[in-house]
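Line order of the protein sequences matches chains A and B.
Counting with full-length UniProt numbering, you get residues 1 to 107 for the letters of the first sequence.
Counting with full-length UniProt numbering, you get residues 1 to 314 for the letters of the second sequence.
Simulated from the structure, these hints should not be mistaken for lab results.
Incorrect hints may have been included.
Chain B residues, not near chain A, derived (Cβ > 10 Å throughout) [what the hints assert, rightly or not]:
1) Leu46
2) Gly112
3) Glu116
4) Asp137
5) Gly140
6) Arg141
7) Glu160
8) Arg163
9) Leu226
10) Phe238
11) His249
12) Val308
Label-pair distances were calculated between CB atoms; the ranges are [stated by the list, open to error]:
13) Gly94(A) <-> Leu195(B): 24 to 30 Å
14) Leu83(A) <-> Gly237(B): 44 to 50 Å
15) Glu72(A) <-> Tyr188(B): 40 to 46 Å
16) Ser118(B) <-> Gln52(A): 25 to 31 Å
This one's a predicted model, so the numbers in the text were calculated from it and none came from an experiment.
Positions of the beta carbon are idealized from the N, C-alpha and C atoms, including for glycine.
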Amino acid sequence: MTSKIHALLLALVAAVISTAAMAAGPRYQVEVDGLACPFCAYGIEKQLGNIQGVKNLETDIEAGRVIVTMEEGHTLDESRAELAVDRAGFTLGGFEPLDAPGTTHDQ
Amino acid sequence: MINDEGALFMTPCRRKTASGPRLLAVVALVVSSLAQAAPQTFNTALPVAEGNLVLREQFLYRKADDDTSPARRDLRVNGAITVLGYGLTRDLALFGALPYLDKELDLDGPGGQRIERSSRGLGDARLFARYTAFKDDAPGRTFRIAPFFGVEAPTRDDDERDRFGRLPQPLQSGSGSWDPFGGVILTYQTLTYQLDAQFAYQANTEANDFEFGDEARLDGSFQYRLWPRKLGGGVPGFLYGVLEANLIHQEKHEINGRRDADSGGTQLLLSPGLQYVTRRWIIEGIIQLPTAQDVNGTALEDDVITRVGFRINF
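Just chain B, with the same shape it has in the complex (with noise of 0.2 Å):
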């Protein structure tokens, strides 16, 4: 039996039997790294205060049309994330993360004609809690260590259809999964600059005959200050210039149990960006860009990701 994914492109033209598998690599990823809280792709172990509220806004846009194979795929996503955080006790924070995407993909169909199918709306929701389990103050720096651990919820549409009939899942709104994670993330901040690393693993399980593969994230953040050079008392807003870097690994998806050779891989990001920070809120943008590649069979490459987004403080 095919499922509808595999059914969508292998009739009548079976060179693109894998290309709706093949995406989910790229919305995926789209999706797990949006929906944390901090630096700007990944998470942070600074506090949430308690019962202080962070709301973060950030806005995504992303190419993929480097293919290589026949179908000449052309991907597509512009969104926002939503994230909301709030602090529970002094070290547990919990988050709620909520994607708004538009995903377009661009494809030769059957006939040779060029088609576009595309889907629009809110995702899946993640949710998750944060606990700082080790800290180290000192005047001026401040060395976190916090596990945290969640689910991404299928809250979502996972059937959605077009003329072409059901949509490949990677432009579902929703997995129709349920998905836990979980990681843990270091944080080391003083007045001058801040060190962000984070381990995070994903296991995704099975929904509609469909499985994405599990994901496994290593994730580093620089961020220095730039301005202002000298501190004069009292709180400035700080400007500080950013450097993340994402290595991203993702194991292949299976369909009806098998697992799709032109599926997930390996992906090296770097990302250079800006940041400023006040009391009550941020602005920041940052652009990805993928430094190197190994993805699967034909499964698609990034071109670019670029974020911009707010964070305020309630």
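Next comes chain A alone, as it looks inside the complex (with noise of 0.2 Å):
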């Protein structure tokens, strides 16, 4: 019995994952020049995030980059991403699509 509901419970969280995972769009490498201290990402984030479809944001400060991932149906352009990196008093060092599929919608 116990084996069973382990097995349901498996089932019921892999079929979470797999669906936010559908829902997820497709995921950009923002890298940020300047940013150097825990204080000023926050500012990044924030002006990233006030983009229209942005889901969620992980930013890794030693690499000096934000993982951008948009929800599904909507895309991240290089030129939004500089102006909010700009915004944030920083400068765009990179830009790079990790996977995003042929999406058409902009944000």
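Mind docking these for me? Both chains are given alone in their own frames, and the hints should help you get the complex.
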């Protein structure tokens, strides 16, 4: 009985994860030059988070980059990312789509 | 004509004539050094993102009781400075600072008895703008130069009294004068350490027949990341060890257009401290130790200044 419950829970968790993964849109790597302390990271995240369609942000301060995950059906173009980084007071060092499918709707 | 500050201490005991003005240096330095944003004893050139709000609250304790004059003055200042910064654009940030200070001065009265004079309340507001004129960003580091200009506005009462009469000007909550100031800040920051340097000048103006001496200061700060020793992804909190230095020179004050020989001087303060920095908040503390003091006449020398506080990103 216990093993059946475990299996059921595992299936449920897997279903939730796969659903969430499917709902996520393309991801982009935004490199931020000048980012060198945690307090400054908040400004970057706030500006990128204000872009319509942004679902999740993962900042790696050592690498100086932010992985931006868009909602399904949204994309992020380089000029919009550059504007956000600029407004935060930093410089865009690079922009790279990681696994962007051929979605058509722009933010 | 003797102004209120002089009259207070001149009658009936002449030896305390300059006690009030001498204190100006102490209190003026408290307000000016606290009213800015960062590192801990002065400003920084780091950005306030466009549309972002930064709140800084800094609590102060200052003591100056090493008085060799017959008045045996003992000054204690407790207070808090609230600073709000707003990123108007990418390069332009606006700041407002409002101190709340509790000042107590003990001294020997005319008859030799110990008396206490004090004031408590909000002080003059400081408003200033900082513009990032130059920046050089690279992966994991940045260098910035930012001039700033502002004014200390006479927003508070400058005619407070107690049972002895009008409080000496240094104990007043407000100065009554419009005092412009400006300067430039340089910041070099990497993931491992940060260096800041600032030059600032404040031109004080006259009010109530009294004029604080102009103040020039040179400040430096070195912050070194103590923890985590190695970065492993994400945005961990940083614990910095801090060492700051302040070289401050203040001209003599003027009373009724005449320079007061027992005011102003030069101070060098060295300050060890700690700072813990996260995305949204910072907690910090520092102890300012006077390393060298060359004050004019019998102006009071500082003993110690302690500051603790926090910052919040909105």
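Verification of the supplied hints:
no.: 1; hint: Leu46; in the structure: violated (6 Å)
no.: 2; hint: Gly112; in the structure: holds (54 Å)
no.: 3; hint: Glu116; in the structure: holds (41 Å)
no.: 4; hint: Asp137; in the structure: violated (3 Å)
no.: 5; hint: Gly140; in the structure: violated (5 Å)
no.: 6; hint: Arg141; in the structure: violated (6 Å)
no.: 7; hint: Glu160; in the structure: holds (38 Å)
no.: 8; hint: Arg163; in the structure: holds (48 Å)
no.: 9; hint: Leu226; in the structure: holds (14 Å)
no.: 10; hint: Phe238; in the structure: violated (6 Å)
no.: 11; hint: His249; in the structure: holds (31 Å)
no.: 12; hint: Val308; in the structure: holds (18 Å)
no.: 13; hint: Gly94(A) <-> Leu195(B): 24 to 30 Å; in the structure: holds (27 Å)
no.: 14; hint: Leu83(A) <-> Gly237(B): 44 to 50 Å; in the structure: violated (29 Å)
no.: 15; hint: Glu72(A) <-> Tyr188(B): 40 to 46 Å; in the structure: holds (42 Å)
no.: 16; hint: Ser118(B) <-> Gln52(A): 25 to 31 Å; in the structure: violated (56 Å)
Comparing the model with each numbered hint stated earlier shows that hints 1, 4, 5, 6, 10, 14, 16 do not hold.
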